[in-house]
Each structure stands twice: as C-alpha cells, then as structure tokens.
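Given chain A, put chain B in place with the hints provided.
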Amino acid sequence: MSTMVANQKGFGAKIWDYLTTVDHKKIAILYLVAGGFFFLIGGLEALAIRWQLVEPMNDFVSSGFYNELITMHGTTMIFLAAMPLIFAFMNAVVPLQIGARDVAFPFLNSLGFWLFLFGGIMLNVGWFTGGAADAGWTAYAPLSTTSPGEGVDYYVLGLQISGAGTLIGGINFLVTIVNMRAPGMTYMRMPLFTWTAFVASALILFAFPALTVGLFLMMFDRLFDSGFFDPSMGGNSVIWQHLFWIFGHPEVYILVLPAFGIFSEIFSTFSKKRLFGYTAMVFATVLIAFFGFMVWAHHMFTVGLGPAANSIFAVATMAIAVPTGIKIFNWLFTLWGGSITINTPMLWGLGFIPTFTVGGFTGVMLAAAAADFQYHDTYFVVAHFHYVIVGGVVFGLIAGTHYWWPKMFGKVLNDKLGKVTFWLFFTGFHLTFFIQHFLGLMGMPRRYWVYLEDQGLNLGNMISTIGALLMGVGTIVLLYNIVVTSIKGEKVSGDPWDGRTLEWAIPSPPPHYNFKQTPLVRGLDPLWVEKSEGRKGITPAEPLDDIHMPNGSILPFIMSLGLFIAGFGFIYQKYDLSWLIVLFIGMGITLGAMLTRSLKDDLGHHIHKEDLEKEEAGE
Amino acid sequence: MKGWISKLRTLSLFAFMVLILSACGKENLTSLVPKGYGAEQSFNVMIISILVMIIVFVVVMAIYLYVILRFRRKKGQEDDIPKQTEGNKTLETIWTIIPIILLIVIAVPTITATYDLADTSDQEDAININVQGEQFWWHFEYANEGLQASQDLYIPTGEKVYLNMESTDVIHSFWLPSISGKMDVNPENENSMYIEAYEEGVYWGKCTEFCGSSHSLMDFKVIAVSPEEYNQWVEDMKGTSEQSTPETTTAQEGQELFSNNCLQCHATDANQPSAGPNLANFGDRTTIAGVLDYNKEELVNWITNPAEQKPANGMLDAPYLEEGHIGNEEAEKIADYLMQLQPSEITPESAK
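For the protein sequence lines, the chains are A and B, in the order given.
For the first sequence, our numbering gives the first residue as 1, with consecutive numbering after it.
For the second sequence, our numbering gives the first residue as 1, with consecutive numbering after it.
If we strip away everything but chain A, and leave its shape as in the complex, we get:
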C-alpha cells in the first residue's frame, strides 16, 4: 500500500504520519487496510469451516476448535471486516461528496479507528492464550457465560472497545453531514451514498448502546460473578437475546444501507442517468431504518414468546420488503433508458440485483413465523443471511473498491482482472450458498461440527465447499489486481468515470485540503449540472483564501492502547487480583491522554493563500 504515497519521506516517517493522522482520507486507507486484513482472516476461517464439512463425520478440526472458528468467523466478518470497510468508504467519500475539507471531529475520527483496531486485535488474542471465543457470534447466555477459559472474555472486551470506536465514528458522521455541507448542498441534493451513510450513522447511534449494555452485563456475569443471565440466581438468559438483537438487527441495515448507497452511485454513473425516483429512494432508506428497530424478535420466533408477539414481529418484518422493493425497482428504472457501460463496478452492481433479491425473498419467507419454526437455526438461515450480507454488503464493498480506488489512490484497478474476480466470486458464491437453503430444509441445523453419514446431506455440502474455494480464488485475484495496479497502474485524472458527484471534481488522490475553494452546489449531481452547462469544473462559493486544517496527534493511538492494556487487567483479575495493576496502568494511560488532550491547546494550522496560488501555477 506504501506505493500510493510516492514521496521522499522515509518509512518511519510514513508510519508516524499514519499513526498520528487526522485526515479523513488517510483514516479511510487505514480502515481499508485493517478491514481488508480482517476480511482475509475471516475468509480463511470460512474456508476451514467449509473444509471440515466437505464430507460427513470429517475430522479436519476438533469440535472445540470448530466452535471457535464459527464464532470468530461471524464476529470478525461483521465487526472487524464489514463495519470498518463501510467506514473506509464513508471516510473516503462522504466529506468529498458534501464539499467539506474534513469531518466535523478529525481527532475523534482517528480515535474511532484506533479503538476499532485495538478492539479487533483484542478479540483475536484469544487464539494465542488457549482458545478464542466459542459461544457463537451471537454469544447466547448461558453457553457464553459458562464457557470456560478467557475466549468469551476477549469477545466481550474486544467488542466493547471496538464498539466504542464505531459509536464515535457514527456520531462524527452525523455531525459532519448535518453541519459541514457546502453552500447549496441541501439535504435533498445529497448523493445517495451520503444519505445512506447519514441514516446508517443514526442507526449506529441508537443500536450500539443496546450492545454496549448487553456486553457490560455479560462482562459482570463472567468476570465479577453477577447473575444477570443466570436463571439459578434469578436472572434471565432470554434478556441477552433481546439486547443482542435490538442491536443486531439494525446492524444489518447499518451494513447494507451504505452498500445500497454505493450501488446507487454506480448505477447512476454508468448508465449516465440521474437516479430514478431519488426522493422515493431517500424515503425508502429512512423507512427501512425506522422499521429496522421494531423487528428484532423475528430472530426469536422459537424462543417461546407466544403467538401474539410472533405475529406482530412477523408482519412488521414483512413490511420491510416494501421499501426494499421500491429500491430494487428504482435501480432497474435508473438503468432503463440509460447508456449502460458494463465495467467491473457495474458488473458487481448487476450481480447484486438478482442476488440480493433472492436474499430479500428468503427474508420474507423467514418472516412467516409459522414456517420459520422449520427454517430457524438451520442452513436455510445461513444461506439467507449470506445472500443478504455477501450479496449486498460484500458485493457493495468490492464494487465500491473498484469504483473509488482511483479517487483514493489515483489509479484504476485492472478491469480484466476485476471481471475475472467477479465471475469467480459470483459463481463460487451461488454454488456455496444456494444449495444451503435446501440443506437446511432437509434437516441440517447450523453450527454443526459434523453431520452423520447417510442423511442425504453429503452432495450439497460438497458443492458448497467447492463454491467456497472458488470464492477464495476470486479473492486472491483481487489481491493480485491491487498489487499489480499499485506497482504498474497508470495515474488517472480526477474524473475517470465521467462522474456526477462532487468527489470527481477534484484531483485523484485529492489534496490534503480537498477543495481549494468550497464549491457551490447548484443541484442534485452537482458536477453533472456543471458539465451539462458546458463548464469544466465546479463553481466556487468563496474566493481563494487561507485554509484552516487540524493538526495530527498521537493521542488517539495512546488512548486506545491504554484501553487495550486495561482489557487484560479486567480479564485476568478473575484468576489473580494482582492483575488489577495492569487495569490501573491501562486506564491511567487512557485518562492521562484524555487529560493532555483537554489541557493542551491545539488550534491547528493554516495553509496560506500564497502557497495555494503557487501550487496552482506549478500545475
């Protein structure tokens, strides 16, 4: 990744630059690299799972290790891969799309990243200390509260730390989008990716506290002998399920709405049309988010909540299909009458429509409570949520990677290799997961370490494993593409796709300050408006003047490191109270860094008008 910054700085200086950066573009790259790394780890775990299931009664891994694999695969993919990759694009694109020079709180932006990263590392420490978390990514009590060892403790503290980072990131983007829009960028002129980022941030604000509370209760149950989820002490294990899913269901929309936003940009750009039914699209996004909070119990139809609760949640869940359907049709009619270019990002978009539609259909089928009694906790559910999360979120993230790569790094990813990746991954995906619908209905529950011989499940599982290998090969081609492009790729202009939104109005990669002059937005798709009136660039809203920028800081890194250290103190004090020293040291580091931040004035720096003019003349 270092080839992107082709300058004379030494390697150490470059590392220091990234450790201290508060620039949203560099934080985006950090999120992309870290999220990509965890995506590969989660992928390897998935391949190990599929290899264990390639034949009946296989003994590739032990049952204990298998349970760690499924737990960490789910947790890693959701919290450490999908979330940060979404944040990567929100960071890279949202400030540019609204014509801002950075996010509202650059310092917090950096803090959010480092909290996420240290939390992610914490989650994985368990692998090296006698076993990672093994109670499923949903960590249902009492299995999780009684799981021996420290695996689940790492899960609880890792998620707590990275969850704080996510919450900070969400609040930051809410404030950014409310306050930092360029003149003329009204809400109803915001690009759809910005809209979805905005709505997803609001979801983060309301959903993550439920997880935080749940994790706190679980932490006390595991580390301080409380009994919130222990029925023998008057607790109730079903409460955990409620808390988890009150967070967990909106989480799905936190991930998929920005992916919808990415596809909306891509469909519009590559069919050379404005988004069909923009208002309806915005409305549908908000409606999905709103409904998303009142459907959590559809994960719990078999818990025994009774027919009244089951029916209400069933109908509420089905209702979500309506705004989702509105989106699908509006995308189709964006393409209708357009001039469609099929390149790699568009190919992912076109692959997304049928795939996600199938995921939506099985979603409605699962919502039918009486039928869910058969689907629940079987491979049917596994198939469904992979159709939604891979078919929606991962396809969207890979599409976004190809679409915004030139903006982030100044080079276009190789289109041929991109198409090879698509066909391998797309075919592999459907081979892996389509058959799993039937495996579930034929009697294969999820999270099964082995399945018995002679139960009619062998062929389906083998096909599924072959598909998973194809997806693995596709991912390797994508990595190869990134390396080749970074080394050999040619620099491109600021606007390689004939784009419509503001990010394409500035050079690639954008300068430190993004916009030399804050742009004046005169309609939806502001760059397109200017182009259609024959202008080359965007009309500025202000004369050229000094630009005020924030200073970098190492404090976010130190704060996160302190919490990371404190985490070990929290866990190991359950064996030996002298570990409390580690807890105090860690918290001391964090609080000390916070105090430094509060007492030390840091007013940022200015980029002077003269330097900007010189730069312009130099071009």
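Read the hints as simulated data drawn from the structure, not as lab findings.
The model shown is predicted, which means the values in this text are computed figures rather than measured ones.
Where hints are given, some of them may not hold.
Pulled from the structure, derived: some chain B residues nowhere near chain A, Cβ distances all over 12 Å [stated by the list, open to error]:
#, residue
1, E124
2, Q243
3, T249
4, Q272
Reference listing, derived: stretches of chain A covered by chain B, where coverage requires no fewer than 3 residues with Cβ under 8 Å from a Cβ of chain B [unchecked claim]:
#, segment
5, 273-284
6, 337-344
Here a beta-carbon is modelled for each residue, glycine too, at the ideal position from N, C-alpha and C.
For chain B alone, kept in the frame of chain A given last:
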C-alpha cells in the same frame, strides 16, 4: 472467457439435475416431506410464500434482463446522453401497492398457522411429556404415567402429544423436521408445543440451538406407533425393574459391574428418575448415544472412551473412567447386559 463460462453453465445444470433426482432429502428427517400436523402447517405457509416470491422474481428478472440487453451502450453511442428522468409517480405507486397486497396474501395464513400451532386448549386431556434438554442428550418423562425414557420417545399416531420443555444447563432446541417445527428449550421457563404424527415411523430429531462441543451429536428419535401398541409399550415399561436377572452369565456379570459403576447416574427401571439417561429399554435403542450405530463394538468403544465419540459429554465425569477398572472385557459384559434390556415387544421395528 466465453468458453469456460458455457462449460460452467453445463456443469451447474448437471449438478442441478442431480439435486432434483436426489429429491428432498432423507425420509423422516427432511421437512420437505411433512408427516405430521406441525410440519404440514409450516409447509403450507412455505409453499404460499415461495409461490408469491417466484412470481415477483420472474417480474424483476424480466425487467432486469430486458434493461441489460436493450440499454447496453453500443458502438457509436459513446457520446449519447440519455434523457435524465426524475421518476414516475404512477410507477412508484404501483410498486408500493402491489407488494403490500402480496404481503397480505402471505401474512394472513402465517398468522392463522402461528396461532394454530400455539394452541393449548386440549392440553389437559392429551398425553403430556416433560422434555428435558441436557448437554448432550434428551430426557422424556411421561407426566401422567410416571415413566422415564431417554433418547427414544414413543408416541401414538393420530393424536396430539404435548411436550413441556425445560433445560437443565444451556439453551437447546427441539426439532423434529418431518413432524413439527422447533421450539427452544430454555433454562428459565417451560415452553410447550405439540406434535402429531400421521403415520407410524421412526423420526429423526435434532438439537438446533448451539449448545457446546457436541451440539451436532445431540440427536434423538421419535418412534410413532399405533395407539394400541403405544398402550402396550407403556404397560411393559411400567413392569421394568432393576432386579430382573438376565439369562446369560456374562450379562449377569455385566449387571453386577453396571450396578457398581453406572447406577449412580443411570437407571434401568423406567419408573425411576435418574441424573443420566434412563436405559430401561436400551436393548431396543435405534442408536447409541443418539448418533452411533447400534452394535456391541460401538457400545464397548463408547463405554471405554466416551470422549472420542462425543466431546465434553456428561459421562466424562464418571468415576470409573478415572479409576480405570473398566477395561474392554468388563465393558463387553456391561454391553451384554445393556443390549438384552428389551422389556417390550414394541420396538422401533413395530413402527412400520
């Protein structure tokens, strides 16, 4: 690239055909061939929702394919700028209203079936069974008859049997795909559901809530026999006792060993509650420990090395494993004893 895509297509078509031929999975395990009331109700809702979804899918795909084929940019059109349509109110209304109607079509039978499956109005007069889920086995207590059974549940065909379920450790879930959907087995409250089998048979059941190391090995069977056979089975089971002496000498020695080493947790009297699985009709079991083939060799293996077959199961705490005085020879005697425990003529063989 075209060449291998078409090859891939042929291949996937072939794979698809194989799947169709291998049909709907194993009989008495698959939910796609319902043989009981609950499974049938669920299946009906499934079919309604699939039909509606297929109709919508065809519409979406028709538009999708038309759009891609018709509006793909052709040579010489590089500079064409398409008309920038804003939207269309009529279309928006259509694709809002029609899905709502389709959802109502699914929602009405869903709610009806959901209430129907939760109905407990005739529970008092029906057979009630207290189901207990434990890591990693199932216990069934016939509430009115006072009988204990483990792993194999005998029920009469053609009537509702109520299951009142509770767990002693973590959450499990009782799933009997061919007869009925599933219900969680929670540690803090009793959940009730009913099952009704239409025809005789041995049905596979599975645990579907992730419950630890041997979650995938927590199978059970439900053996549905005719009501007369069921009544006879109940009578026979009531007659079981720990005192009854086996015929062969090895089995008698096995009984002695069993009393000294196993009886603390297990019972061979169906009237006697026990901490571990009740073995009163072990001779008629379909499997050992829910998943192993039923033969002497497997049983000896199981007794001498339970950890290998079913990781982290409750038998690993048994004192005999630590003391190490149950070798192969002793285990074979115990196996002889257990395998002759056949108190009833009603066996899985009767469920034909």
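Evaluated hints:
1. E124: Answer for E124(B): holds, closest chain A Cβ roughly 19 Å.
2. Q243: holds, 36 Å
3. T249: holds, 36 Å
4. Q272: Holds, since 25 Å exceeds 12 Å.
5. 273-284: Satisfied; 7 residues make the cut.
6. 337-344: It holds: at least three residues are needed, and the segment 337-344 of chain A offers 6 whose Cβ sits within less than 8 Å of chain B.
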